[in-house]
Amino acid sequence: MRVVIAEDLALLRDGLTRLLEAHDFEVVAAVGDPEALSRALAEEDVDVAVVDVRMPPTFSNEGLVAALAARERRPGLPVVVLSQYVEQLYARELLSSGEGAIGYLLKDRVGNVPDFVDAVRQVARGATVLDPKVVSAMVSRLGGSGPVSRLTPREREVLSQMAQGRSNAGIAAALVVTENAVSKHINSIFGKLDLPTATDDNRRVLAVLEYLRTEESS
Amino acid sequence: MTAGQHPSRPGPRLRGPGRGAWPRGSGWGVWLVRQAALSVVVAVAVTLVWAQARPQYFWPRWVWFGLGVNLAVQYGVRWAVRKPRGRRGFALQLALSAVYVAIDVVSWALSGGGFFWPVFSTPVVAVALLAHAWWLQRRPPARERELAERVAALRRTRSGVLDVQAAELKRIERDLHDGAQARMVSLAMNLGLAEHLLSSKPEAVAPLLAEARATTLTALEELRTVMEGIQPPVLADRGLVGAVEAVALDLALPVRVEAEVPGRLEAPVESAVYFASAECLANVIKHSGATRAWVHLAHRAGTLTVVVGDDGSGGAQLGAGTGLTGVARRLEVFDGTLTVDSPPGGPTRVTMEVPCALSSPKTSPSSGTA
Numbered sequence: 005m006r007v008v009i010a011e012d013l014a015l016l017r018d019g020l021t022r023l024l025e026a027h028d029f030e031v032v033a034a035v036g037d038p039e040a041l042s043r044a045l046a047e048e049d050v051d052v053a054v055v056d057v058r059m060p061p062t063f064s065n066e067g068l069v070a071a072l073a074a075r076e077r078r079p080g081l082p083v084v085v086l087s088q089y090v091e092q093l094y095a096r097e098l099l100s101s102g103e104g105a106i107g108y109l110l111k112d113r114v115g116n117v118p119d120f121v122d123a124v125r126q127v128a129r130g131a132t133v134l135d136p137k138v139v140s141a142m143v144s145r146l147g148g149s150g151p152v153s154r155l156t157p158r159e160r161e162v163l164s165q166m167a168q169g170r171s172n173a174g175i176a177a178a179l180v181v182t183e184n185a186v187s188k189h190i191n192s193i194f195g196k197l198d199l200p201t202a203t204d205d206n207r208r209v210l211a212v213l214e215y216l217r218t219e220e221s222s
Numbered sequence: 006m007t008a009g010q011h012p013s014r015p016g017p018r019l020r021g022p023g024r025g026a027w028p029r030g031s032g033w034g035v036w037l038v039r040q041a042a043l044s045v046v047v048a049v050a051v052t053l054v055w056a057q058a059r060p061q062y063f064w065p066r067w068v069w070f071g072l073g074v075n076l077a078v079q080y081g082v083r084w085a086v087r088k089p090r091g092r093r094g095f096a097l098q099l100a101l102s103a104v105y106v107a108i109d110v111v112s113w114a115l116s117g118g119g120f121f122w123p124v125f126s127t128p129v130v131a132v133a134l135l136a137h138a139w140w141l142q143r144r145p146p147a148r149e150r151e152l153a154e155r156v157a158a159l160r161r162t163r164s165g166v167l168d169v170q171a172a173e174l175k176r177i178e179r180d181l182h183d184g185a186q187a188r189m190v191s192l193a194m195n196l197g198l199a200e201h202l203l204s205s206k207p208e209a210v211a212p213l214l215a216e217a218r219a220t221t222l223t224a225l226e227e228l229r230t231v232m233e234g235i236q237p238p239v240l241a242d243r244g245l246v247g248a249v250e251a252v253a254l255d256l257a258l259p260v261r262v263e264a265e266v267p268g269r270l271e272a273p274v275e276s277a278v279y280f281a282s283a284e285c286l287a288n289v290i291k292h293s294g295a296t297r298a299w300v301h302l303a304h305r306a307g308t309l310t311v312v313v314g315d316d317g318s319g320g321a322q323l324g325a326g327t328g329l330t331g332v333a334r335r336l337e338v339f340d341g342t343l344t345v346d347s348p349p350g351g352p353t354r355v356t357m358e359v360p361c362a363l364s365s366p367k368t369s370p371s372s373g374t375a
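These protein sequence lines are chains Y and E, in that order. Just so we're aligned, residue 5 is where the first sequence starts under this note's numbering, counting upward by one. Just so we're aligned, residue 6 is where the second sequence starts under this note's numbering, counting upward by one.
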């Protein structure tokens, strides 16, 4: 799997390169600024880009902007955006930049190597992976009223897990229940929220996120 | 610099120079010059008329006198009203008194002298002037009082700022010391221990490393909290409006944010208004029992206005331990004001106004200020 890494701090750039190479990724370019990222994405055939939000010249959100621009040039380009802090605002911008193939994670998550590598692989395959912090904020915001308040605590946990982009097996492992129980919860959630049932994992995540976004703003 | 121009006055507490102004533009000056020219023409004309007949009595002097009085009165009033506010009244009296005494003396002279009767009127005018001067020096002029008030406000806000800054620095230092720094120490110990155990007791290393990793995550979380308190990254990235939107998104309550702020504010103002808005929204959550809230931000005519409203139970007031007092003090540093309109039963509207400049408009979220 061919990956481009954009991260301005050399220490972290080298760390990410080492980490991904150790997990059979081919790092075709590791760059430190948005221009070099654009060049790399234009020149190389890339399966996924891992991009830091904060980059030169102003060290604000150049990485995010570069990622959005790259997805505009090449719709559906899988991008994992890493940041020292997560904002729902940015999550929404990334989500509305096209269907799926988006990851938005705290840099802390890199510490959990298997999960992180799995997230990059999933995004490269077109899935959506959001940081649990973003998702829990979205879900808890809706917790007080509306259909979400009719969910049981367990169902709310499952909803959060779904919104983070986990598969049934992943949810089952995370919550230490059987996959069967997970599908039951999911059917119940989709019933209570009146969502169309979808078999495909990615479609399901997008449906849940779309629900969380539109419910909130209404 | 013309006599009518005041030095520029900072802040909203002092009124602008145009407020309640007398007509003292250049128009009057031009008009006066024309009148003077016309008066000369009239004076020459009547003198020529007199010269045709040449009666014994040189009556044109009374026409000259009348024309001169007109010009002198107008010139005196114009001179007086162009004085700074506060000294204007006295100047007016002075000018009119001078004209009056001059009229007395000249008419005494024109009517052929004799007993110098202006000796009765002149002292009265002089005493009135002295009384006015005495009254003025007893009571400092309005502008001086305004300046004194402003100095007091500046002294108060300056010491307030220093107190707040010192307390903030102390809090940050303590948070770092007790939080991230302590975690780093424990991390170093765990890693040192793991290194030591690697050869002798390798099976004990894995839990130590797991613990080390958990410690780094906690340290990161704590660092993030500290940084949020200093300057939320989203504020630097997106400016006031973006940061308020971000706060609104994180609240467990629907918040509508509407903004007409076509540019970035100066960083200190941006930060103060951001924390003020965040505090107001936090109050909505904590106290109001509202089901929805809204924030309107607008920058018009050099003033940023932020209104935070909710449909809660109302009854919020300044100084009722709601943190609004702190917000007001924070804004006062920038000559900003905070007003609370919160009748019992609601709704609540907190209005913040801060005079400030706007930098060039941002065209896209990306063009951060370098």
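Hints listed in this document are in silico derivations from the structure and should not be mistaken for laboratory results. Treat the hints with care, as some may be off.
[Unchecked claim] Computed cross-link-like contacts, DSBU-like style, restricted to lysine-lysine with a CA-CA straight-line distance of at most 30 Å: (1) Y/K111 x E/K175; (2) Y/K137 x E/K206; (3) E/K175 x Y/K137; (4) Y/K188 x Y/K137; (5) Y/K137 x Y/K111; (6) Y/K196 x Y/K111; (7) E/K88 x E/K175.
Remember, predicted model here, so these are calculated numbers, not experimental data.
Going down the list of hints, with the structure as the test:
1. Using a Cα cut-off of 30 Å, the hinted pair Y/K111 and E/K175 holds, with the two alpha carbons roughly 28 Å apart.
2. For the hint pairing Y/K137 with E/K206, the CA-to-CA distance comes to about 37 Å; that exceeds 30 Å, so the pair is violated.
3. Proposed proximity of E/K175 and Y/K137 is supported: the alpha carbons are some 29 Å apart, at most 30 Å.
4. The hinted pair formed by Y/K188 and Y/K137 meets the criterion: a straight-line CA distance of about 25 Å does not exceed 30 Å.
5. As the CA atoms of Y/K137 and Y/K111 are separated by approximately 12 Å, the hinted pair is consistent with the 30 Å bound.
6. Straight-line distance between C-alpha atoms of Y/K196 and Y/K111 comes to about 34 Å, which puts the hinted pair past the 30 Å bound.
7. Proximity of E/K88 to E/K175 is assessed by CA-CA distance (about 51 Å); at most 30 Å being required, the pair is judged violated.
The earlier numbered hints that this structure contradicts are 2, 6 and 7.
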